[in-house]
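S.K.: In case you want the letters, here they are:
Number of protein chains: 2
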Amino acid sequence: MALTPVADAMAMILGAAKLLPVEKVKLQKAHGRILAKPITAKRDQPPFDASAMDGYATRLEDSTVGANLKLAGTSAAGHGFRGTMKPGQAIRILTGAPMPKGADAIVIQENASLHDGILQVNVASLPGKHIRKRGLDFEAGDSLVPAGTRLNARDIALGAASGTAIINVRRKPRIAIITTGDELVAPGAKPRPDQIYSSNTFALHAMGQAWGAEIINLGIVKDSLKATKAAITKALKTSDLLITTGGASVGDHDFVQQALKDSGFKMGFWKIAMRPGKPLMFGTQGKFLALGLPGNPVAAMVCARLFVYPLLCKMMGTAADQPEATAILDVDLPANDERQDYVRATLTDLPDGRRTVKPAAIQDSSMQRTLRDAQALIVRPPHAQAVQKGDVVPLLLLDF
Amino acid sequence: MALTPVADAMAMILGAAKLLPVEKVKLQKAHGRILAKPITAKRDQPPFDASAMDGYATRLEDSTVGANLKLAGTSAAGHGFRGTMKPGQAIRILTGAPMPKGADAIVIQENASLHDGILQVNVASLPGKHIRKRGLDFEAGDSLVPAGTRLNARDIALGAASGTAIINVRRKPRIAIITTGDELVAPGAKPRPDQIYSSNTFALHAMGQAWGAEIINLGIVKDSLKATKAAITKALKTSDLLITTGGASVGDHDFVQQALKDSGFKMGFWKIAMRPGKPLMFGTQGKFLALGLPGNPVAAMVCARLFVYPLLCKMMGTAADQPEATAILDVDLPANDERQDYVRATLTDLPDGRRTVKPAAIQDSSMQRTLRDAQALIVRPPHAQAVQKGDVVPLLLLDF
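Residue numbers (our numbering), protein chains in the order written: chain A, -15 to 384; chain B, -15 to 384.
What the hints contain is simulated information worked out from the structure, not anything from laboratory work. C-beta atoms are modelled at their ideal positions from N, C-alpha and C, and glycine is treated no differently. Misleading hints may appear alongside valid ones.
On the chain B side, residues computed to face chain A include the following (Cβ under 10 angstroms) [to be verified]:
no., residue
1, H15
2, T79
3, P177
If we strip away everything but chain A, and leave its shape as in the complex, we get (with noise of 0.2 angstroms):
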């Protein structure tokens, strides 16, 4: 079997995916989501012409040095003049206070002299000079944060800003997430000789929720037909995607396949031209989706990065982010094979803001401890040739 390149595995996966239904939150629930309608402005901002500064609104005619001015009222923020300022008058405005009707001159405060209630002009107002126009920030239907935006907290800022308090967001999507293996036991239990700890439900629980899922954890399934078929009913009736992390055999895999096949999955199966990487199996069922990742927590991890966050994006209707980088190589690196090689590495800074890249002495998938301290992924393309110390590669930065 010929090995399937990953950008293939990827358009098949991606061309499987479905837009998920939208529905409506208050938008100080909407940090990280993605929205699914533009937030368009309900009004005009700001909603009057105001002082930019505190001083006093004149008539520009009547704004100039040594005028004598009668103070005759206040605009103060939420508080504005009521009436309309005559020529001759001047009024007293705080900053972001409305101009009131008649004046259309700032005086600030370092300008003027007030004595007895009358305002005396030391600098002459230029026109439109310390006043915010109405609308100058945006205007009521400008569209304000596109579609498609993970709102972060300038977005959400800004929509309170412009008047929206519900906004229209993609679901989250479901993800039922199972490992199987009769070596793994929980940590916290009691592990027998031949067993060790299972991460992948912790680590893939941890990546889907900062990506916008949510997690329907099922944890630890046992290695049997019936488990495995009971849990991807559990899947089908709670999730959009079930995501499973197999056994370190080929056995185990094809046992999670024969459960999806026996409930009714069309199973698409290949081997990645990649390292870490294994097998990995997709199967649909009408509009569910079932992503089989390694059950090596390296290759889990790495292959969850490069499929699982760019399916969630496409279901939420927003672009995935490849945070790439270059660095410049502290060592060789030999020619590679025919598999794009994911390399665990460290950056360290240059006074001169270049960087320089270390792979880990030993890639070995199984060695989590050093996926943990690499801030990057070395990306070899397959067949790349022999890169030298002092050449500049291309890197995947570790975000999750």
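Mind docking chain B on chain A? Use the hints.
M.R.: Below, chain B alone, put in the same frame as chain A:
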């Protein structure tokens, strides 16, 4: 009153920060939490010498070209071979499974043929090849994740793999948030003509949660000494830190200050040498801290990033990330005055991997849309000289 440099205000605020107490949480709930005590390995990983491939366990001395070995059992992941392999025997072994007693070499599947229970070795084994030695990834007692780490998915996965179910983290900082100003109305409500929509509590809520805090959102507080003191009393009972955003006028700020003084706070109050930025208020009452940010949303968000984020990090015992960078200026910028300037700007990637930065045309600090649309703030130190198009300037990348 002389302007206080940003770094001096920062030092005074951080100087008052108290480390929060330690609490225990389940590992799977710990994503984004700050580790208070290192995670140490409970066990060697792997806990036994394990095969890295599917194949056959043999004795190295038996594993010569042409040797015929008797297949005497299976070692699968989670189902190790229980007896002792004898000379002249081979044991079927799967990836991740324990090496049987008596075996010290691996013949991979591709290098052997099996007929009628007799394994013929076609390629001689090499010492240690395809065997993951016990403790290859880590050994019992190894410190795997240091205290002070903001836990990501890889940290959590490694903790799980090491047998850790419960960890020690810093309690989340509890932040009470209020915003003051009679000009403010919540989005969704109907503003009077001289009112605007409030957005600061939305911004601070989202930022604080993302930085690891628990938010007690006390919303908009009416401009009265009584209402403000009542909100402060609530904050003192429920939180570690009160953050206020004042109105645009000096009067508003003084007002919160009076309420804090009346509530027993020892106050510091500075004009910070920064832009956007206004008077910054800082008070303490025993361990409890109060920080008064500008009312202007852009200034409030930039000040929160500059002062609140490092404060929260200090309270949790972790280093504050400062994603600094540089870019090539797309325009000329004039010499700067005494205030450190944070100029909203957009970035453009060049094909050669460098990037250019372009300031928004208008930098009025009331304009939230330009903050939303920016990717970075150009940092202009006090009294910085004029810079030209093509010069490299420092940036603070917008990460909120």
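S.K.: Next, verify each hint and record whether it holds.
M.R.: Hint check results:
1. Taking 10 angstroms as the C-beta cut-off, the interface hint given for B:H15 holds, the closest approach to chain A being about 4 angstroms.
2. The interface hint given for B:T79 is met, as the beta carbon of that residue sits about 4 angstroms from the closest beta carbon of chain A, less than 10 angstroms.
3. Contact between B:P177 and chain A, as hinted, is supported at the beta carbon level, the nearest pair being about 7 angstroms apart and thus within 10 angstroms.
Taken one by one, the earlier hints all hold for this structure without exception.
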